Amino acid sequence: MHTRHSPIQHLFESRGVEYRTFCGGSYAALFSSEENQQRTLESLGMCDLSGLQKLGLQGPEAAIWLTSKGLDVPTEIFTSRPLRGGGVIVRLGAEEFFLEDGITNTALPAFAARIDSHKGGLVRVERQEATFLLTGSRCSEVLAQTCGINFREVVPTKAVFTRVAGVSCSVLPESIGELPAHRLWVDPSYAVYLWDVLADISESLSGGIVGAGCIYPELLA
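Take the sequence shown: its letter number 140 is residue 140 in the working numbering, and every next letter is one higher.
Heads up, a few of these hints could be off.
[To be verified] Each computed BS3-like pair below joins lysine-lysine, with the alpha-carbon atoms no more than 25 Å apart:
| id | residue 1 | residue 2 |
| --- | --- | --- |
| 1 | 54 | 158 |
| 2 | 69 | 158 |
| 3 | 69 | 54 |
[As the list claims (entries may be wrong)] Simulated DEER-style distance windows between Cβ atoms:
| id | residue 1 | residue 2 | range |
| --- | --- | --- | --- |
| 4 | 15 | 217 | 36 to 44 Å |
| 5 | 67 | 5 | 30 to 38 Å |
| 6 | 18 | 187 | 39 to 47 Å |
| 7 | 158 | 95 | 13 to 21 Å |
| 8 | 70 | 94 | 35 to 43 Å |
| 9 | 2 | 64 | 26 to 34 Å |
| 10 | 36 | 9 | 18 to 26 Å |
| 11 | 70 | 206 | 37 to 45 Å |
Think of the hints as simulated: they come from the structure by calculation, not from any bench.
Remember, it's a predicted structure, so these values are computed and weren't measured experimentally.
Built from N, CA and C at the ideal position, the CB exists for glycine as well.
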């Protein structure tokens, strides 16, 4: 299995980070003690989840095919539904979908194999976006300084395609347990720039970087 690496991984080399390779993805799992990371997560945390596997699907048979595989397929454009194993599927258009797997990468490998064997009406699209997660009670303040959308008024599970710090970005409001969070997808060529901007703002708000192990404890097992 090809291991998916983050386009910003080199930014963490001087931070004493603990890396983990898990189910096809490489993650910065822990930056400091788990106790300190948890406090940051709850207030204002930034987490790089770019190691999560992704897949695009297009074609006139896409919705029907996904439904036939047991998925809860979003019916409205820009809405999302959970995937088995903690992933998410977002409807980008009438015939276009974006899928991101959970940490265990249990859904997409099987889908990919079936797509490749399907004849007609279905096109697999490679997706290489970086995935960033803003978490905690102050995470919306970061977006308020970088984006014109008031995310307090956005329906959870509704993806917003906008510009964050001048960069085209997809933002999905969600939650981690009871904690508010926002998942950002950005083209990898802009990932370093966007991460640096968001990290600077988070630091000014007394936030910080958290490892993926705070979101997925199995990385630290």
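Here is how each hint holds up against the structure:
1. 54 with 158: 18 Å, holds
2. 69 with 158: Holds, at roughly 23 Å.
3. 69 with 54: Satisfied, since the Cα-Cα distance of roughly 17 Å is no more than 25 Å.
4. 15 with 217: 36 to 44 Å: 20 Å, violated
5. 67 with 5: 30 to 38 Å: 33 Å, holds
6. 18 with 187: 39 to 47 Å: 28 Å, violated
7. 158 with 95: 13 to 21 Å: 20 Å, holds
8. 70 with 94: 35 to 43 Å: Hint violated: Cβ distance 21 Å, outside 35 to 43 Å.
9. 2 with 64: 26 to 34 Å: Since residue 2 and residue 64 have Cβ atoms about 29 Å apart, the given range 26 to 34 Å holds.
10. 36 with 9: 18 to 26 Å: 22 Å, holds
11. 70 with 206: 37 to 45 Å: 44 Å, holds
Going down the numbered hints, you'll see the structure goes against 4, 6 and 8, while the others check out.
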